[in-house]
Amino acid sequence: VSGDAIRLAGEPTGQGHYIGVAELRVMGTGTTSSGTPPRLPKDYGLEQNYPNPFNPTTTIMYSLPEAGYVTIDVFNLLGQSVATLVNEAKAAGRHSVSFLANNLADGFYFYSIRAGSFSEMKKMILLK
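According to our numbering, numbering within the sequence shown proceeds without interruption in unit steps and concludes at 137.
Quick caveat, the hints were computed from the structure, so don't treat them as lab data.
The beta carbon of each residue, even a glycine, is placed where N, CA and C say it ideally should be.
Fair warning: there could be bad hints in the mix.
Unchecked claim - Straight-line C-alpha distance at most 27 angstroms; calculated BS3-like pairs for lysine-lysine:
no. : residue 1 : residue 2
1   : Lys99     : Lys51
2   : Lys131    : Lys99
3   : Lys131    : Lys51
4   : Lys132    : Lys51
5   : Lys132    : Lys99
To be verified - Simulated DEER-style distance windows between Cβ atoms:
no. : residue 1 : residue 2 : range
6   : Asn85     : Pro60     : 28 to 36 angstroms
7   : Asp115    : Lys51     : 17 to 25 angstroms
8   : Leu49     : Leu86     : 19 to 27 angstroms
9   : Pro60     : Ala114    : 16 to 24 angstroms
10  : Gly77     : Lys137    : 16 to 24 angstroms
11  : Asn64     : Gly125    : 16 to 24 angstroms
12  : Ser121    : Ala76     : 31 to 39 angstroms
13  : Ile134    : Ser90     : 15 to 23 angstroms
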């Protein structure tokens, strides 16, 4: 398996030489094991953040069938923007972005994506 990034979630164990792995995911697409380029997504997509509920970090994955300008924002229940996670041109493919919410109060938040004519919003829960 090849990819652009590997996410390790866990706590350091032993004397700092090892990490206990609770989760291992290949986040990028790179190339397949046969060396062929991966297939691009057919549609735009915004996935549910994970973990959810989270404290204080979560990951949001999204798909772009074509390159374009992408904005991902986080809002509180009053509709006020509390963070902008992505605000730039991105290549077609699957992408992920991490959200660190250690300066926010626990509760419900929303995150939205805008890419071309596509927009979608989802709910997430911060529990401290």
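To see whether the hints hold, each was checked on the structure:
no., hint, verdict
1, Lys99 <-> Lys51, "16 angstroms, holds"
2, Lys131 <-> Lys99, "21 angstroms, holds"
3, Lys131 <-> Lys51, "20 angstroms, holds"
4, Lys132 <-> Lys51, "24 angstroms, holds"
5, Lys132 <-> Lys99, "23 angstroms, holds"
6, Asn85 <-> Pro60: 28 to 36 angstroms, "20 angstroms, violated"
7, Asp115 <-> Lys51: 17 to 25 angstroms, "37 angstroms, violated"
8, Leu49 <-> Leu86: 19 to 27 angstroms, "35 angstroms, violated"
9, Pro60 <-> Ala114: 16 to 24 angstroms, "18 angstroms, holds"
10, Gly77 <-> Lys137: 16 to 24 angstroms, "35 angstroms, violated"
11, Asn64 <-> Gly125: 16 to 24 angstroms, "33 angstroms, violated"
12, Ser121 <-> Ala76: 31 to 39 angstroms, "20 angstroms, violated"
13, Ile134 <-> Ser90: 15 to 23 angstroms, "18 angstroms, holds"
When the structure is compared with the earlier hints, violations turn up for hints 6, 7, 8, 10, 11 and 12 and for no others.
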